Amino acid sequence: MRKIAWIVAILVLIPFAMGFAAPKAKVGVVYVTFSSPYASAMVKGYKKYAAEMNVDMTILDSQLDIQKEAANMDSIIAMRPDVIVIAPVDAEGSKAAIKKAIAKGIPVICSNVTINDAAKLGVLAFTGPNCYSEAQVVAREAIKRNPTGRVVMITGTPGYSAAEDRKNGFLDTIQKQAPNMKVLDIQSGNWMRDTTQRVMSDFITKYGDQIDIVYTHDDNMTVGAINALKDAGYTAEKRPIVLSIGAMADGLPAVKDGWIDATCQQSPWEDARLSLQVALDIKSGKFKGPYKEFWIDTPPVDKSNVQQVIDMHIWD
Amino acid sequence: MKRTRALRTLLSQYKLLAITAVLLVFMAFVRGEFFGVENLINIITNMSINGILSIGMTLLMIAGCFDISLGSILVLSGAVSIIALRIASVPVALLLGISSGVLMGILNGVLVAKFKINSFIATLGTMVIFQGATFSVTNNKPVATDSDAFQAFAMHNVAFGIPRLVFYFVIAILIIWVIARFTRLGKFAYAIGGNIEACRRVGIKVDLYLIGFFAISGLFGSFGGVALASKIQAASAIFGDNIGLLVIAAIVIGGVSLSGGVGKVGGVVQGIILIAIMDTMTNFLGLVGYYQLLFRSLLLLGVILYDVLSVRQAEQRLERLAVETLRRLERKEVG
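Top line first, the protein sequences correspond to chains A and B.
Per our numbering, residue 162 is the first one in the first sequence, and the count goes up by one each step.
Per our numbering, residue 2 is the first one in the second sequence, and the count goes up by one each step.
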């Protein structure tokens, strides 16, 4: 009798065990490049969350090469995943490979970067940061600290959607909520630290103590601006308000040391996690379309919560 | 005895294919889905464009010259054909794109042959010029087309899901193989690569032939560029960034000596196939992207070392033979 009970128990448990072991979804991720700090942190995030969320994930590096991306997409499609997540190399050139996947019945999510006319092509979702609302977060931080301050802005490369959105989000918000705030000047730093340092230096020469608030589009550039401020004799205690976007490797220590008042966090781990979550929702049928944009949370990081973010070790 | 000798010769001639076969057997055990028909067709299709470029540059490298601007020829010709689609028909756009490569090749040839600029440096310069021209005509943004007829040029399904592009690759191989093996043009490529001064002294119009080889390289480069534009229905100045050195690597791995004068088309084809298999293998094994570069570089290094060592071995053998002959002459055994 006992023997039979054991056998029955085991037979009943086996399907449960298989249910636990079987992954919830098979996801293929094709990422434009693994080489930038943001990208390599995001890849780390993908691996972390794929394990946590029980997703069978394959992630491939397109190495900024359109032909490599086409080959990667072919390999992934051959593995017949449930969902494909792609950060495309080119807004036009990547369409052919995405079209191929959709034609084979595999739903496609664009992550962090998108193609033109994504909805029209049949892409099911976009997950990633909303640069316009990141700028709105920064604007609110500025208004909180000095609603009548005078602002200089150092932007990313003109024409880049991230730069345009991070500029307009800020300007539109202060126009409505802080009409007494004045913008002294806006110049491009081209996403580069040394260019930004030069621009900030010029601003200090031109406007001197008139500058109340410094806003740059990216932590990397902000470090350049801070260097210019240091050279001009400003200290962490006596300086204009400094606001930034990213909460990245060089931004976090600057917040801790008291040089950046607030930076809007764009977490590559959140970016990765959200795309996997939407992939799971597509597989389970929770999300069936039509095309929708899923934004990651981009909260501000200041002295009060910077240590928590540092402790997550996203960037090392 | 004879049979092992024949086997050894066969292996040395087809050593790259032998390595490829070993890799394929490995993949059969580890990841069976690698052998899906769909995947194999994809591998062949994806190797075709760089394959056409590599084959096109083989004669030039046998003649001892480099063309690093090939990646930029690819993007400029692709951009030309897509932009031409706005005002012309598909055949005209194709023609304009493909012929633009001949012009670019001739420019390269003139710089090297007439102005006597080192080919590496000259084509490094034209690489920047052609890419700059591409940024300029595309206004720094990718250009695209909806034309299905244009896509059909490369991707029309000929049979069993194999697109035209693969057949273009095969035809390219045949053309260059015939030229290299059976025509004067091919023989002169080997001659010029072997000893360019001797060729000049003998009266061979070296300059003309060099320009010809550059023009052929440019032609195949632009054919590949138009084919890529057709495949993805887009063109952008950055699509050719990695291609120049990649193409040279395939040719050198295929047995064409860096100093010229040596090499076979068959070897280059084997090199192209091996690289394509290695790249797809790393994808299927889930290895991170830089392993592709690592394996390819190790292979390249291995081939170059083998090349250098076997030349050294041959020289040593010749030296020993010369010493032995002299000794026998002294002892009056010979002569």
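Rather than coming from a laboratory, the hints here were simulated on the basis of the structure.
Warning: the hint list may mix true and false statements.
[Unchecked claim] For each label pair, taking beta carbons as the anchor points, the in silico distance ranges come out as: (1) B:246 x A:264: 44 to 52 Å; (2) A:391 x B:142: 55 to 63 Å; (3) B:149 x A:454: 24 to 32 Å; (4) A:320 x B:198: 34 to 42 Å.
[To be verified] If you want a taste of the chain B side facing chain A, the calculated C-beta under 7 Å gives, among others: (5) 40; (6) 90; (7) 284.
Quantities reported herein were computed from a predicted structural model and do not represent experimental measurements.
Idealized CB from N, CA, C, for every residue including glycine.
Assessment of proposed distance window 55 to 63 Å (beta carbons of residue 391 (chain A), residue 142 (chain B)): With a Cβ separation near 38 Å, residue 391 (chain A) and residue 142 (chain B) fall outside 55 to 63 Å, so the hint is violated.
Range agreement (Cβ of residue 454 (chain A) with Cβ of residue 149 (chain B), hint 24 to 32 Å): At roughly 29 Å between Cβ atoms, residue 454 (chain A) and residue 149 (chain B) fall inside 24 to 32 Å, so the hint holds.
Distance restraint hint 44 to 52 Å, applied to the beta-carbon atoms of residue 246 (chain B) and residue 264 (chain A): Given range 44 to 52 Å: violated, Cβ gap about 34 Å.
Agreement of hint residue 284 (chain B) with chain A interface, Cβ distance less than 7 Å: Residue 284 (chain B) check passes; min Cβ-Cβ to chain A is 4 Å, inside 7 Å.
Restraint check, 7 Å cut-off on beta carbons, for residue 90 (chain B) near chain A: Violated. Min distance 22 Å.
Verdict for residue 320 (chain A), residue 198 (chain B) (Cβ pair) under range 34 to 42 Å: violated, 52 Å
Status of the residue 40 (chain B) interface restraint (C-beta, 7 Å, chain A): holds, 4 Å
Violated hints, in rising order: 1, 2, 4 and 6; the structure is consistent with all others.
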